[in-house]
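Colleague: Residues per chain, in single letters:
There are 2 protein chains.
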Amino acid sequence: MMFRHKGTNMRWTFAAFMGHFILAFASLEETTQSGASGWTGKLLVVPMDGSHWTGVKAVAEEMGRRGHQVLVVIPEVSVRLGPGKHFTTRTFPVPYGQEELDELQARNAEASKRLPLLERIPTRISNMKKFVKLQTTTAESLLFNQELVDYLRKQNFDAVLTSPAVPTGAILAYNLSLPAVYMLRGLPCRLDSTATACPDPPSYVPRFFTKSTDRMSFGERVVNVLVSCLEPVLCKLSYWTVENMASRFLQRDVSLADILRTGAIWLMSGALWLMRYDFTLEFPKPLMPNMVLIGGINCEVRNPLTKEVEEFVEGSGDHGIVVFTLGSLIASIPKEKAEVFFKAFSMIPQRVLWRYTGEIPENVPKNVKLMKWLPQNDLLGHPKARAFITHGGTHGIYEGICNGVPMVMLPLFGDQSDNVHRVASRGVGVILDIHEITAESLVDALNTVITNSSYKEKMKKLSAIHNDRPMQPLDLAVYWTEFVMRHKGADHLRPAAHDLNWFQYHSLDVIGFLLCAVLIVTLAMLKCCALCWRKCCRKAQKRKAE
Amino acid sequence: MMFRHKGTNMRWTFAAFMGHFILAFASLEETTQSGASGWTGKLLVVPMDGSHWTGVKAVAEEMGRRGHQVLVVIPEVSVRLGPGKHFTTRTFPVPYGQEELDELQARNAEASKRLPLLERIPTRISNMKKFVKLQTTTAESLLFNQELVDYLRKQNFDAVLTSPAVPTGAILAYNLSLPAVYMLRGLPCRLDSTATACPDPPSYVPRFFTKSTDRMSFGERVVNVLVSCLEPVLCKLSYWTVENMASRFLQRDVSLADILRTGAIWLMSGALWLMRYDFTLEFPKPLMPNMVLIGGINCEVRNPLTKEVEEFVEGSGDHGIVVFTLGSLIASIPKEKAEVFFKAFSMIPQRVLWRYTGEIPENVPKNVKLMKWLPQNDLLGHPKARAFITHGGTHGIYEGICNGVPMVMLPLFGDQSDNVHRVASRGVGVILDIHEITAESLVDALNTVITNSSYKEKMKKLSAIHNDRPMQPLDLAVYWTEFVMRHKGADHLRPAAHDLNWFQYHSLDVIGFLLCAVLIVTLAMLKCCALCWRKCCRKAQKRKAE
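Just so you know, the sequences run in chain order D and F.
Residues in the first sequence are numbered consecutively from 1, following this note's numbering.
Residues in the second sequence are numbered consecutively from 1, following this note's numbering.
Treat the hints as calculated values from the structure; they're not laboratory data.
A few of these clues could be false.
Heads up, the list lumps identical chains together, so a pair's fine if it works in one copy or across two of them.
Unchecked claim - Taking lysine to aspartate or glutamate pairs in the EDC-like style, the calculated list, with each CA pair at most 16 Å apart, reads:
1. Lys458 to Asp491
2. Lys130 to Asp258
3. Lys372 to Glu336
4. Lys335 to Glu362
5. Lys461 to Asp491
6. Lys133 to Glu103
Given the structure is predicted, the values throughout are model-derived calculations rather than measurements.
Hey, can you work out the whole structure from these sequences and the hints?
Modeller: Structure follows, in C-alpha cells:
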C-alpha cells in the first residue's frame with residue numbers, strides 16, 4: 001500500500017526544546033525527567049475533520065515548534081485537515097472522494113431551509129446517517145489499515161492527542177497502549193461525564209438540546225431529569241456502530257466509555273481531558289481533576305489583515321464593521337435565503353464582511369464584501385468590529401467573547417442551539433431563527449446589539465473575565481499534553497470511581513445493607529417487646545385467675 | 001480603645017505593580033481593568049494562628065510586594081502571627097495573655113502521652129473546649145470591637161483573605177459586603193463541600209478520621225456512609241458557638257455554610273477557595289470551578305542555611321541527615337518520650353536536626369543538634385536530607401513531597417492521622433504510633449525509609465509529579481486573589497446549586513412527581529382495562545343468558 005507523505009516528508013525535527021515552563025526542580029535528574037529544558041517526546045495526533053481541527057492543529061503546531069516529534073494521521077480526502085509548519089502528516093486512503101464531502105457540505109447548508117415537519121425529520125435522520133457512515137468509514141480505513149497501524153506501533157509514541165467526538169484516536173490509543181489526551185467541547189449523551197466519572201446533577205446542569213439555563217423552572221427540571229434518564233439509551237444508539245467497529249478491531253467486547261476513561265489497555269492511566277470551554281460560556285458545574293479548561297484556545301492565533309481587507313475595514317468610518325460566517329461546514333446558503341441577508345445589509349450603515357461561496361447576485365450592496373475565506377478572529381479583534389453574525393459554533397462564540405463583540409446568532413444544528421442560549425442568557429447576543437428570518441428582523445437584531453449599550457457593556461465585562469486567566473489556553477493545553485508524555489499518563493488524577501460499578505458508586509449496596517440492618521434490629525426489638533408484653537399479660541392473667 | 005500598629009505603622013505602599021501575568025488583552029481599557037500592569041487594590045487579611053499562617057502570610061507578603069495595600073488584622077497575643085516585610089499589621093486587644101497560649105501548647109504536647117481511655121476522652125474534650133473557647137474569644141474581640149470594624153469598613157477594601165477554619169474573616173467579609181478568598185486544607189465535617197456545593201460521593205471519597213483510602217472495602221464504605229450521615233450533626237455541634245456569635249454580630253439568624261458560600265450579604269458573589277492540597281497527597285475527587293489547588297504553597301520560600309547549620313549538615317558525610325519536628329504547636333515533648341528519641345538517634349549513623357525546646361539532658365548524642373527553631377524546608381531541600389520525622393501536618397508533608405524526602409510519621413491530632421495514611425498509601429512513608437514508640441521501632445522505621453530504595457524511588461516520582469505544574473502555587477494564589485479584587489468577586493464561577501434546597505438539588509421533587517405521574521397513569525390504565533374487561537364479561541354473560 002502506498003502512503004503519501006504530506007508536508008515535510010517525515011522530517012522529524014530535533015530542535016532544542018524551548019518551552020517556558022515555570023518549574024523549580026531540585027535536582028538536574030528531575031529537571032530532565034520533567035522536561036524543564038531539552039526534553040522532547042513523540043506525539044501521535046489523530047484529528048477529526050471540521051471545526052474540531054482548529055484547536056487540535058494549534059496544539060500540534062505548538063508542540064512541533066517546541067521540538068517534539070509530531071505526526072498527524074489524516075485521511076487522503078477531507079474538508080479542512082491538512083499539513084502544518086511544525087508537524088508531519090501521514091495520509092491514509094479512504095474509499096470516498098471529494099464529491100461525497102462536497103455533498104455533505106451542501107446537505108448541511110440545507111439546514112437553513114424551512115421544511116415541513118414530515119420532511120424535516122427523515123431528512124435530518126438521513127443526513128445524520130450519512131455523516132455517521134462517513135466517519136465510520138474513515139475510522140475503519142485507518143484502524144484496519146494493518147500496515148499503517150504496525151508502523152504507528154513501531155514509532156513508540158509517548159501519547160495520542162485526539163478529538164474523542166469521533167473516537168478513532170481513542171480506540172487507536174487503547175490498542176497501542178498509549179495514554180490519551182482528548183480535546184473536546186463535550187460529547188453527545190454526556191458520554192464525557194460517564195467516562196470521567198464527573199458528577200453533573202440534573203437539577204442545575206442543563207442537558208444538551210434542552211435550551212435550558214442553570215436556573216430551571218420545575219417543568220424544565222422535569223424535562224432535564226427525563227433527558228438524563230434517556231441518555232444511556234441515546235448513547236447506546238449513537239455509538240452502536242462505533243462500539244461494534246471497536247470490538248471488531250480490538251477483538252474483544254468493549255464499551256466506548258471504558259475505552260475513553262482508560263486511555264490504554266494495560267495502563268489504566270486515566271486520560272487527560274482538554275475541555276474547550278470556560279465559565280463565561282458554560283454554566284458553573286463540577287469538574288474532575290483530569291479536566292483542563294482551554295476555552296478560547298483559538299483566539300490567540302492572530303495575523304495582520306491583508307491590505308485590501310484592512311482598507312475595506314478602515315473605510316467603514318465610525319459605523320464600523322459586521323463580521324458574518326456560518327462556520328466551516330457551511331460555505332454557501334440557498335439563493336433565496338442569501339437575498340434576505342443582502343437586503344438587510346443594504347439597510348445598515350455598517351460595512352459587512354461575509355464568508356460566502358455561493359452564486360454572487362448582481363445587486364450586491366456596496367457595503368458588503370464577499371470572501372471565500374474570512375480571517376474571522378483577526379476581523380473580530382479589529383477595533384472597528386461592531387457585531388458578529390454567527391451560527392453559534394463554540395470556536396466562533398469564543399472568538400466573539402475573547403474580542404468583546406456582541407453577537408447575532410443563527411443556530412443550525414448540533415450543540416449550536418445550546419451555545420446561543422448560553423450566550424443570550426449573559427445578555428451579550430440575540431438569537432434569530434434562520435427559518436423565520438426576514439431582512440427587517442435581522443436589521444432590528446443588528447441595531448439592538450450595536451446601539452443598545454447594555455450589550456456592549458456586558459460583553460466588555462464578560463470578555464475581561466474570559467481573558468483574565470493566569471495562563472493562555474494554548475500554553476495550558478501544550479503543558480498538559482507534555483505532562484502526559486513525560487509521566488506516561490496522569491495516573492494520580494484518575495478517580496477511584498472508575499473501579500466501582502454504578503450500584504457501588506451511588507452506595508446503593510451500603511444503603512441496602514444499612515436498611516436491612518435497621519429492619520432486622522427493629523424487628524428484633526419489636527419481637528422482644530412483644531415477648532415481654534405477652535409475659536407481662538400472662539402474669540397479669542394468672543394473678544387475676546388466682 | 002488603643003490599637004498598636006505592628007510593623008510599618010500603617011505605611012501603605014504604592015509601589016508599581018510588577019506582577020508577571022501572561023495576559024494578552026486586546027485594548028488598553030481592559031488591561032487597566034484587569035490588572036496586567038499598574039493596577040493595585042486594597043486587601044484585608046484576617047489570618048488564623050498556628051500553621052495556617054504560613055500560607056496566608058506568603059500570599060500577604062507577595063501581594064504587598066506587588067504593590068497592593070495589604071492590612072493584616074491580628075490579636076495582640078498569638079503563637080505565630082506577626083508583622084511582615086510587605087504588609088501592615090493592626091492588632092486588637094484580647095482578654096487573655098501569653099500564658100494561656102503557652103498552656104495550650106503544653107496541652108498539645110500531652111497528646112504524645114499514653115493515657116487510659118477513661119482519662120483520654122475527657123482530656124481531649126476539655127482540650128477541644130479550651131481551644132474553641134480561645135478561638136471564639138479572639139473572634140469576639142475583633143468582631144465586637146466597633147471602633148476597629150468601623151475603621152475597616154471605611155477602608156473600602158476590595159476583598160478579604162482568610163482561613164475559614166476559624167470563620168472570623170468570613171463573618172467580617174459577610175458583614176462588610178466584601179468578596180472573600182479562603183485558604184484551607186479542608187473543614188471539619190466537610191463544611192467546605194457543603195458551602196461550595198461540591199459533590200463527594202462517600203463510595204470513593206474517604207471522610208476525615210476514617211483512615212480509609214479511596215479504594216475501600218465494603219465494611220469501610222459502610223463506615224464512610226455512616227460518618228457522612230453524621231456530618232451535619234457534627235457540624236452543628238462543632239460550629240454551634242461560632243454560629244451563635246455570628247448571629248449576634250450580624251443581628252440575623254445565619255448558618256455558617258451560608259456565610260461561607262456567599263462571601264457577602266448583598267453580593268451573592270461566591271467566594272474563591274484556595275485549597276492547600278493537590279492529588280499527590282489527596283485522592284482524586286470532584287472539584288468546583290471556584291476551587292484553586294495550591295498544595296505545596298509553602299515549599300517555594302527558600303533561604304540559605306546559617307554557617308553553623310550548614311557545617312553540621314555537611315559533616316554528616318554520605319550518611320546524610322534526618323530532620324525532626326512535631327509542628328508549630330508542639331515545641332517540646334515529655335522527658336521520658338524525648339529519651340526514646342535520644343536513644344534511637346544514638347543508634348543511627350545519620351546526623352539529626354531536631355526542633356526541641358524542652359529540658360536538655362546531659363547525654364545528648366553527638367550526632368544530634370537541638371534547635372529552638374528549624375529551617376525545615378531549607379533542610380529538606382538539602383541534598384543530604386535522607387529522612388523526615390514529622391507529625392503529619394499538611395505543610396510539613398508537602399515540604400517532604402516537594403523536596404522528595406521519605407518520611408517517618410507520628411500523627412498526634414486533627415487531620416494528621418488522615419494525612420499520614422495518604423502518604424503511607426503512596427509507599428513513601430512509614431507510620432509509627434507515638435504512644436507505642438520505642439527506640440528500636442524508630443530505628444527500624446528510619447532504616448526502612450533510608451535504605452529500602454523503593455521508598456526513595458516512589459518519593460522521587462511523587463515529587464516529580466507534584467513539582468510538574470504549569471504555575472507555582474504561590475503565583476496561582478496571588479493571581480486568583482487579585483482576580484477577586486479586580487472583578488469584585490468570582491460571580492461567573494458560582495454554581496446555581498446554591499439557589500436550590502437539598503430536596504431540589506437531588507431532584508427528589510422531580511422524582512416524586514414522575515413517580516406520581518407513572519402511578520396515576522398506571523392506575524388509570526388499570527381502571528380502563530378493568531372497565532373494558534367488565535364490559536366484555538357482561539356482554540359474554542348476556543350472550544350466554546340469551
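Colleague: Tell me, which hint numbers fail for this structure?
Modeller: The structure conflicts with hints 2 and 3, although it agrees with all the remaining ones.
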